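Q: Below are the chains, spelled out letter by letter.
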Amino acid sequence: MKSMQFENTDLADALNVLRQDEAHIEAPPHVEAAVLAAWDRAHARRREERPRSMWRESAAVAAAIIIALGLGQLGRELQRTTRAAVTRAAESRTLLLVGEPILQGEPVRVVRMRVPASTLTGLGVRSATGDAAAHVDVDVIVGEDGIARAIRVGM
Amino acid sequence: MEDATSAAADDPDDADLMRRAAHGDRDAFAALYRRHQARVYRFARLMTGSSTAAEDIVQEVFLVVMRDAARYDPARAALTSYLYGVARHQTRRRRARDRQFVAFDGRRPDSSEPVADDDASATLERRQTLQQLRRAILSLPRRYREVVVLCDLQGVSYSDAATAMGCAIGTVRSRLHRARHLLTQKMGRTAPSHEDHPGLTERCA
Numbered sequence: 001m002k003s004m005q006f007e008n009t010d011l012a013d014a015l016n017v018l019r020q021d022e023a024h025i026e027a028p029p030h031v032e033a034a035v036l037a038a039w040d041r042a043h044a045r046r047r048e049e050r051p052r053s054m055w056r057e058s059a060a061v062a063a064a065i066i067i068a069l070g071l072g073q074l075g076r077e078l079q080r081t082t083r084a085a086v087t088r089a090a091e092s093r094t095l096l097l098v099g100e101p102i103l104q105g106e107p108v109r110v111v112r113m114r115v116p117a118s119t120l121t122g123l124g125v126r127s128a129t130g131d132a133a134a135h136v137d138v139d140v141i142v143g144e145d146g147i148a149r150a151i152r153v154g155m
Numbered sequence: 001m002e003d004a005t006s007a008a009a010d011d012p013d014d015a016d017l018m019r020r021a022a023h024g025d026r027d028a029f030a031a032l033y034r035r036h037q038a039r040v041y042r043f044a045r046l047m048t049g050s051s052t053a054a055e056d057i058v059q060e061v062f063l064v065v066m067r068d069a070a071r072y073d074p075a076r077a078a079l080t081s082y083l084y085g086v087a088r089h090q091t092r093r094r095r096a097r098d099r100q101f102v103a104f105d106g107r108r109p110d111s112s113e114p115v116a117d118d119d120a121s122a123t124l125e126r127r128q129t130l131q132q133l134r135r136a137i138l139s140l141p142r143r144y145r146e147v148v149v150l151c152d153l154q155g156v157s158y159s160d161a162a163t164a165m166g167c168a169i170g171t172v173r174s175r176l177h178r179a180r181h182l183l184t185q186k187m188g189r190t191a192p193s194h195e196d197h198p199g200l201t202e203r204c205a
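Protein sequences, first through last, are from chains A and B. Residue numbering for the first sequence follows this note's numbering, beginning at 1 and increasing consecutively. Residue numbering for the second sequence follows this note's numbering, beginning at 1 and increasing consecutively.
Part of the chain A face toward chain B, derived, beta carbon under 8 angstroms:
1. V17
2. L36
3. A38
Computed spacing ranges between beta-carbons, pair by pair:
4. B:D68 x A:D40: 15 to 23 angstroms
5. B:R26 x A:A63: 33 to 41 angstroms
6. B:R67 x A:N16: 32 to 40 angstroms
7. B:D98 x A:E26: 19 to 27 angstroms
8. A:D40 x B:Q185: 47 to 55 angstroms
9. B:R143 x A:A63: 57 to 65 angstroms
10. A:L74 x B:R76: 56 to 64 angstroms
11. A:A33 x B:D25: 17 to 25 angstroms
12. A:H30 x B:C167: 31 to 39 angstroms
13. A:E26 x B:R76: 26 to 34 angstroms
14. B:A15 x A:S58: 33 to 41 angstroms
15. A:N16 x B:D98: 24 to 32 angstroms
16. B:R135 x A:E26: 17 to 25 angstroms
If you're looking for bench data, these hints aren't it; they were derived computationally from the structure. Keep in mind that this is a model prediction, so the values were computed, not measured. For every residue, glycine included, the Cβ atom is placed at its ideal position computed from N, Cα and C.
Looking at chain A on its own, in the form it has when it is part of the complex (with noise of 0.2 angstroms):
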């Protein structure tokens, strides 16, 4: 039979005892140890992955120098031989081909033609003034059907 009446002060008692009683529970040592030692593993790691990053950091900044000193190279020498080249044409008389080559034995007619410069900029030659709007006396080689084959520069 359980008649005993539990009222609020009973309960207010128990939980009282049941305070003192929790209250010199403490987490065993070894969950400290646990995280004690979580501590030191993610500090250790990210002592290890600072330099790691750092390097990798100046890796990337010395791949892109180089790059770029590679690229501004790359550039200098492609000008240079652009450059050389459009003076060959320049000071030689060049030959360009502009459509179907010329056979051998092929009959062909020479057209003396007087074209802008800028003409011969679209067909990668440069003048040797510079001055797109000069003009310039070249040699169109005309085939027998009449297409031009080449033209030949005489600048």
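Please arrange chain B on chain A, whose structure you already have, making use of the hints.
A: Same frame as chain A, now just chain B:
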């Protein structure tokens, strides 16, 4: 005056320790752990009824502190409220994982703890009452269990409990009232009587 200053320096506040921990100060983190582990452990243990689960929850809580120390804002909440909030969250996660609570293991925290009463009968009755109360608390719905554990057993103020639980103080009060009522009912139903143990008086006499 100098003593007071040096004492303050020796015993930095929680916010200072959290700041130092956020900057990688291991000693500050260890000091925080030692200062607060017991209340987190007791809360988790009373909420789950398991010392093993409570140990896991303490670890989880301090791993969160380790990770998020830089984000802690002392202006928003006292560290104890923050820790109870994290512990509460971890307890819920743990429960979701375990699905059901394991039985309270009743482990004594300290074997050197003095015996409360020389009278074996009174001691036994006290233990029975505590066991029943623990069971009754564990059987409460979570929202009621939290307020009883925080306010009645951990001595947390209503205001701090409200912060930890993310609710209004009025809600804490009403939940606590309801929780106590439920506990009284449960304890009344299971209150031990000597008639349940007819041989007890004779054996202990």
